[in-house]
Every structure is written in C-alpha cells, then in structure tokens.
Amino acid sequence: MANVSLRSVRKTYPGGFEAIKGIDFEIGDGQFCVLVGPSGCGKSTLLRMVAGLETVTSGEVDIGGRVVNEIEPADRDIAMVFQNYALYPHMSVYNNMAYGLRNRGMPKPEIDTRVREAAQTLELAGMLDRKPRQLSGGQRQRVAMGRAIVRQPKVFLFDEPLSNLDAKLRVAMRVEIRKLQRRLKTTSIYVTHDQLEAMTLADILVVMNGGQVEQIGSPLDIYRKPATTFVASFIGAPPMNLIKLSGDEIRTQFAGDSRSAAEAGILGVRPEDLAISGEATAGGGITLNLTVEAIERVGAETFVYGTRARAEKAVSATPGELPEGEVIVRIPGQDAPAIGASIRASAPRDKLHLFSADGRNRIDI
Amino acid sequence: MVEHRRWNDILAYAILTLGVFIVVFPVYVALIASTHDAATVVNGNMPMLPGSHTLENYYRAIFVGGSRYSREPVGQMLMNSFISAAGIAIGKIFISILSAYAVVYFRFPFRKTAFWIIFVTLMLPVEVRIYPTYKVIADLKMLDTYSGLILPLIASATGTLLFRQFFMTVPDELLEASRIDGAGPFRFFKDTLLPLSVTTMAALFVIQFIYGWNQYLWPLLITTQESMQTIVTGIKKMLTTTDELAEWQLAMATAILAMVPPVAVVVFMQRLFVRGLVETEK
Numbered sequence: 001m002a003n004v005s006l007r008s009v010r011k012t013y014p015g016g017f018e019a020i021k022g023i024d025f026e027i028g029d030g031q032f033c034v035l036v037g038p039s040g041c042g043k044s045t046l047l048r049m050v051a052g053l054e055t056v057t058s059g060e061v062d063i064g065g066r067v068v069n070e071i072e073p074a075d076r077d078i079a080m081v082f083q084n085y086a087l088y089p090h091m092s093v094y095n096n097m098a099y100g101l102r103n104r105g106m107p108k109p110e111i112d113t114r115v116r117e118a119a120q121t122l123e124l125a126g127m128l129d130r131k132p133r134q135l136s137g138g139q140r141q142r143v144a145m146g147r148a149i150v151r152q153p154k155v156f157l158f159d160e161p162l163s164n165l166d167a168k169l170r171v172a173m174r175v176e177i178r179k180l181q182r183r184l185k186t187t188s189i190y191v192t193h194d195q196l197e198a199m200t201l202a203d204i205l206v207v208m209n210g211g212q213v214e215q216i217g218s219p220l221d222i223y224r225k226p227a228t229t230f231v232a233s234f235i236g237a238p239p240m241n242l243i244k245l246s247g248d249e250i251r252t253q254f255a256g257d258s259r260s261a262a263e264a265g266i267l268g269v270r271p272e273d274l275a276i277s278g279e280a281t282a283g284g285g286i287t288l289n290l291t292v293e294a295i296e297r298v299g300a301e302t303f304v305y306g307t308r309a310r311a312e313k314a315v316s317a318t319p320g321e322l323p324e325g326e327v328i329v330r331i332p333g334q335d336a337p338a339i340g341a342s343i344r345a346s347a348p349r350d351k352l353h354l355f356s357a358d359g360r361n362r363i364d365i
Numbered sequence: 001m002v003e004h005r006r007w008n009d010i011l012a013y014a015i016l017t018l019g020v021f022i023v024v025f026p027v028y029v030a031l032i033a034s035t036h037d038a039a040t041v042v043n044g045n046m047p048m049l050p051g052s053h054t055l056e057n058y059y060r061a062i063f064v065g066g067s068r069y070s071r072e073p074v075g076q077m078l079m080n081s082f083i084s085a086a087g088i089a090i091g092k093i094f095i096s097i098l099s100a101y102a103v104v105y106f107r108f109p110f111r112k113t114a115f116w117i118i119f120v121t122l123m124l125p126v127e128v129r130i131y132p133t134y135k136v137i138a139d140l141k142m143l144d145t146y147s148g149l150i151l152p153l154i155a156s157a158t159g160t161l162l163f164r165q166f167f168m169t170v171p172d173e174l175l176e177a178s179r180i181d182g183a184g185p186f187r188f189f190k191d192t193l194l195p196l197s198v199t200t201m202a203a204l205f206v207i208q209f210i211y212g213w214n215q216y217l218w219p220l221l222i223t224t225q226e227s228m229q230t231i232v233t234g235i236k237k238m239l240t241t242t243d244e245l246a247e248w249q250l251a252m253a254t255a256i257l258a259m260v261p262p263v264a265v266v267v268f269m270q271r272l273f274v275r276g277l278v279e280t281e282k
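These protein sequence lines are chains A and B, in that order.
The first sequence runs 1 to 365 under our numbering.
The second sequence runs 1 to 282 under our numbering.
So that you can see chain A by itself, here it is in the shape it has in the complex (with noise of 0.2 Å):
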C-alpha cells in the first residue's frame, strides 16, 4: 500500500522533444488514478516513468515514500499490465504468473498458493498448463492481470490494458478490474484514451494534453466544472457544444451575475443540457435556433446535429471536435425533428459554462 507523488516531474528526449512538462499530483493509498488525454498527449510516457521504464529527466517520482527515479523497474515494487499484455509466448499460463516470483527468489510452495489464488480469482484455474496462443484475447487479459496481482506490489500501472478488446468484453473487464481494485485496495494508475473507462474508473481523474495536466479530480467534478475548453470538449459523449460570445454577447447573456463583466469568452452547454423548445426557458439562459442537419438514434436517446443561423457564430476547441456551427442536442427516446427543419434549443442559465477566449479558464460566479 502507497502514495504515488509526482514532483515537477519533466521527460525531454534526447532530440530536445519535450513530452512531459511539469506535472505536480498525488495519488492516496488505494486510489484509483485515471490518466486520460488523446494520443500523444504524454500519458503513456508519465506512466513508463513511473514504472522506470522511461528515465526522468527532471523531478521525482515517489512511490510510497522513497523517490524511485534511479531504482530499477523491478525493485520499484510495481506491477504493470501492457496494452499488448506482453504474454511471455513460450510459457505456460502458470509459467507467465509464476515468472516474476521466480526471479525473486521465492520459495516454490508461496509461489504455488498465489499463482493457484490469483487463478481462482481471475477464473483461469483450468488453464494453467496452456499457452498464451491457446487463450481468447479476454483470456490473455486475465493473465495479464494475474501476472500483476501475484507479485501483491505497492502500486498497478495500467497501460490501455482494454483497447485490444471487443467492445462488450471491454465493458465486462472495466467492471471486473474496478471490482478486483476495490477488493485489493492497491493503488492504482491507469492510462485511457476512452473518457467513458475514464469517467467509470477513476477515484482521481488526470486529463492531460500536450504534456501538461489540464485538470486533477474526481471524474463527476471533471464533468460539472471543466476547467478548460479542452476538457470540456474531452470528457462528456458526445462533447460539449462550444460558441464563441463578444462582450456584448456576454453583458446580455449573463446579465445580473459576476460573469457578465468578462470581455470576450466562449460559451459551453452540454449536449444534454439543451432542450428542444418551442420559447426560450424562463429567468435567462440560452435559446438557439437550429437548422437540423442529421439524426443519430443510438434508442434510448437521440442526436440531433443542427447548424445556427449564420449571424450566430461557433468555435471548436480541439481540432477533431464540432466543426464550426455546429451544435449538437440529446434528446431522451426517439422522437427527432425531421431533418431540414428549423428548431429551437435552449438551456437554463445554471446550466451554462463560461470559459475566457482563449479556452484556458473557467469564469465561474
């Protein structure tokens, strides 16, 4: 059981590339720590410091209490499961798991109880003597795992451990690492690029980008109050609808509350947020009006994808997310407009979010 700390901790490469700059947190003794961003964001690259897998060029990582920075991978007292799950290919399942213990020095009955333990857990018990080619991806993933938890380490690094999966074995293994998690109360570092396996598993939510942390939390916080456009556009399927105000716009908008003195700023309501109406809602808030490009029924609820008319005008924040205009409404059931048709959106005040203009701050109250 441990603490993880990140001090300032930086990664540049030997070609003068910059990938971690600076990152500052703390991860609690049997937490559960997400690490979401797109790719390239630095995500992999933080995690393979932790493992000592990467070199730290500056900063310090400590792991309960000891700074690791020059500890090999293997006294680090860390368990890592791959992306790929790195299966040693000519060892039995046993083998696999019972590997690492081996190299320790372990005396073989202790090996036998936790390999055969972790088995159980994992419900491979009827396949220790088979090879890594004779499991199912799901399978393979378990051993992974097991391989981790036999060695009982201060911390688990995960590295994108569900993206080889098929979508509903993905579900079912988010659930069963989150389970297992809660029972060992190891902590825990996770790396995703999926907000949905972010927002399910996380204890402590890091979204990064570009190197940098854009917000620490925990994944419900994440989501009512996006510190940055970034993370508004990132965390929440589908992103939130972002559109650029002058300072007028704002003064009206926000009429009567401390954020109507801002200059210029950009304007967040999320998908859900908004409702299709015939008027605007009562005591302030936004009403757009629509031109219904697309329908997305998905059953329980419906996207409706429109363009504003063009005096209203929309920003993106990342590239990849709405294109300009666009704005997008969920809607529970069915029931959609037809497409072509002008609608009404709006959204109550408090359910407003207001960034500054260029997308790095959150006006709140």
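Simulated from the structure, these hints should not be mistaken for laboratory data.
Please read all numbers here as calculations on a predicted model, not as lab measurements.
Think of the CB as a built atom: it goes at the ideal place given N, C-alpha and C, for glycine as much as any other residue.
Please note that a few of the clues may not be correct.
Unchecked claim - Calculated lysine to aspartate or glutamate pairs in the EDC-like style (CA-CA distance at most 20 Å, straight line):
| # | chain 1 | residue 1 | chain 2 | residue 2 |
| --- | --- | --- | --- | --- |
| 1 | A | Lys225 | A | Asp364 |
| 2 | A | Lys351 | A | Asp257 |
| 3 | A | Lys131 | B | Glu173 |
| 4 | A | Lys154 | B | Glu176 |
| 5 | B | Lys190 | B | Glu173 |
| 6 | A | Lys179 | A | Glu160 |
| 7 | A | Lys244 | A | Glu263 |
| 8 | A | Lys154 | A | Glu72 |
| 9 | A | Lys108 | B | Asp191 |
| 10 | A | Lys131 | B | Asp191 |
| 11 | B | Lys236 | B | Glu127 |
| 12 | A | Lys154 | A | Asp62 |
Stated by the list, open to error - Some residues of chain A that are not near chain B, with every Cβ distance over 10 Å (derived):
| # | residue |
| --- | --- |
| 13 | Phe25 |
| 14 | Asp112 |
| 15 | Asp129 |
| 16 | Val171 |
| 17 | Leu180 |
| 18 | Glu249 |
| 19 | Glu263 |
| 20 | Ser277 |
| 21 | Asn289 |
| 22 | Glu293 |
| 23 | Phe303 |
Once you have looked at the hints, place chain B on chain A.
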C-alpha cells in the same frame, strides 16, 4: 489472373519432371555405380540396374579404405566432416546470437560501427582472406586440428543478421515485462529470447551444417594428415591416382555416404522448422 488450362499444366509438369530428372540422374548413376565391382564400372558400359557388390563396396568404403595404403576408411572422414560441420554450425549460432543480442538490445559506444564491421565480413568469405587466415591458423599451431577446421569458418555475419532481424520482431513490451519481473539482461536472454529463437536456430543450423559439410578449399589447405581429412576432400583424393585405375565404385559409395548426413539434417530439422513456423506466435 491465372488461368488453368490443361495444356499449360501438362507443359509445366513436363518441364519440372525434366528438371528433376536432370538433377536426380547423376545421383542415381552414382548410386548404381556403388553397387558394381570395379571392372563393370570401368569398362564403359554403365548398367542402369543395381549390381551385386553393394555390401562389399560399402563395407570397404567405411571400414577398410582403398586398396592403397594412403586412403583412409570413410568412417574416419565422415567423423571429421561431422565434427567440423557441427562445430561450425553450433559455433556460429553461439557467436551470432550473442553478437545480435548485443547489437539489438544494448546501447554501447560505437554500436553502429560494430554492426557495420560485422556486416562487412559478409564480403570477405574464406576464399578471399585465405592467405592471412592460413597464416594465423598456422602460427597458432592449429593446422591439422579440429579447431583449425572450425574456427575460421565460424566468423561471418549471416547468422548475426538473421538473429538481428528476428530480435527486432520481438515486441519491446516483452523486454519491459521481463524488467518488471526482475529479469536482468542474462535472464531475459536465457528465459525469453533463447526459447523464442529455437526455430531461427534450427534454420541457421541447417544452412551452416551444409555450408560446413561442403567446405572443400579450406580443409584441403590446412589438413595434411590423412586422419584429419574431411569426406569432401577425401572423395577427390580417391580419384587422383597416378599408376592404377581409380576405384570408382568405392568413390561413388563414398559420395553416396557423404550425402547422407546433410540430407538427414535437412529432413530432421525441417520438421522442427515447420512445426516452429506453424506454432510460433509473438
């Protein structure tokens, strides 16, 4: 698109059959010649059917040698060939796998240079460097020894390149998992890389065994004692006689015997090789 036409197939098979015939016929003649007595072989009309002297010829070839005092029995020569071919194959696998391991997995100064120096030896087969190599071996007093037959042929880049290519396909995560599992460089090599390389080693063994077995110039140069001759040089010596008829039936029996070990190696190793290809998964 490949069209299947009857006549194309027949033509293709005819050409292939002709090719096989051209390759196999001399071997067949050698086999037949090894079953007749000297007179039959020499008189110029080679029979196309086996004769009645098979056992006698092979017995003499293996245990007695030629009728002249200078000829060693084939048994000894086969043994010499086998030791040097196996020595070359095993030695080469050993140094290639180690050098490839160093080049792929360790960051040491002049690593690229080391790799290129190894690579350049590809352009220097024994025949090219034969004089200096002979000098070195002679000065080391390794003439007429197994080490002299084996060592100069071990050093070349083919094996290193082969293992390097293979190691580069082994996922980095395996190395990382080993590091986390507490396996140092030697353990990773022994517990993970070696077992995964078995099929590559089998392939290299086949190639190098045959390469070593077929060496002619080098053994001819450094062996002077009859007892250190390899079978390939031995066959040649059987045919160079000054004042009497060459014993063709014995030479042919020897040639047939000389083919057996390499063929056996190919047949046996090929099974391992194919099994490896089917099962290997990284």
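How the hints compare with the structure:
About 9 Å separates the Cα atoms of lysine 225 of chain A and aspartate 364 of chain A, which keeps this hinted pair within 20 Å; it holds. A distance of roughly 14 Å separates the Cα atoms of lysine 351 of chain A and aspartate 257 of chain A; the hinted pair therefore holds under the 20 Å criterion. Under the criterion of a C-alpha separation no larger than 20 Å, the hint pairing lysine 131 of chain A with glutamate 173 of chain B is consistent with the structure, at around 18 Å. Distance restraint check for lysine 154 of chain A and glutamate 176 of chain B: the Cα-Cα separation of roughly 18 Å lies within the 20 Å cut-off, and the hinted pair is therefore satisfied.
Under the criterion of a C-alpha separation no larger than 20 Å, the hint pairing lysine 190 of chain B with glutamate 173 of chain B is consistent with the structure, at around 17 Å. For a cut-off of 20 Å, the pair hint linking lysine 179 of chain A to glutamate 160 of chain A stands: about 17 Å separates their Cα positions. About 12 Å separates the Cα atoms of lysine 244 of chain A and glutamate 263 of chain A, which keeps this hinted pair within 20 Å; it holds. A hinted pair counts as satisfied when its Cα atoms are at most 20 Å apart, and lysine 154 of chain A with glutamate 72 of chain A qualifies at roughly 15 Å.
At most 20 Å may separate the alpha-carbon atoms for a hinted pair to count; lysine 108 of chain A and aspartate 191 of chain B meet this at roughly 18 Å. Annotation: proposed proximity of lysine 131 of chain A to aspartate 191 of chain B holds, straight-line Cα distance about 15 Å (limit 20 Å). For the hint pairing lysine 236 of chain B with glutamate 127 of chain B, the CA-to-CA distance comes to about 19 Å; that is within 20 Å, so the pair holds. The straight-line distance between the Cα atoms of lysine 154 of chain A and aspartate 62 of chain A is roughly 12 Å, inside the 20 Å bound, and the hint therefore holds.
Every beta carbon of chain B lies more than 10 Å from that of phenylalanine 25 of chain A, the smallest distance being close to 23 Å; the non-interface claim holds. Distance to chain B confirms aspartate 112 of chain A as a non-interface residue, since its nearest Cβ pair spans about 17 Å, more than 10 Å. For aspartate 129 of chain A, the shortest C-beta to C-beta distance to chain B comes to about 16 Å, beyond the 10 Å cut-off, and the non-interface label holds. At the 10 Å boundary, the C-beta of valine 171 of chain A stays outside the reach of chain B, the nearest C-beta of that chain being 24 Å off.
Annotated as non-interface, leucine 180 of chain A keeps its C-beta farther than 10 Å from every C-beta of chain B; the closest such distance is 19 Å. At roughly 52 Å, the least C-beta separation between glutamate 249 of chain A and chain B is larger than 10 Å, which holds for a residue marked as non-interface. Against chain B, the non-interface label of glutamate 263 of chain A holds: every CB pair exceeds 10 Å, the least being about 50 Å. With a cut of 10 Å on Cβ distances, serine 277 of chain A stays outside the contact zone with chain B, its closest approach being about 53 Å.
A cut-off of 10 Å between C-beta atoms confirms that asparagine 289 of chain A is not in contact with chain B; the least separation is 53 Å. The beta carbon of glutamate 293 of chain A sits about 44 Å from the closest Cβ of chain B, which is more than 10 Å, so the claim that it is off the interface holds. The Cβ of phenylalanine 303 of chain A lies farther than 10 Å from every Cβ of chain B, with a closest approach of about 38 Å, so its non-interface assignment holds.
When the structure is compared with the earlier hints, no violation turns up for any of them.
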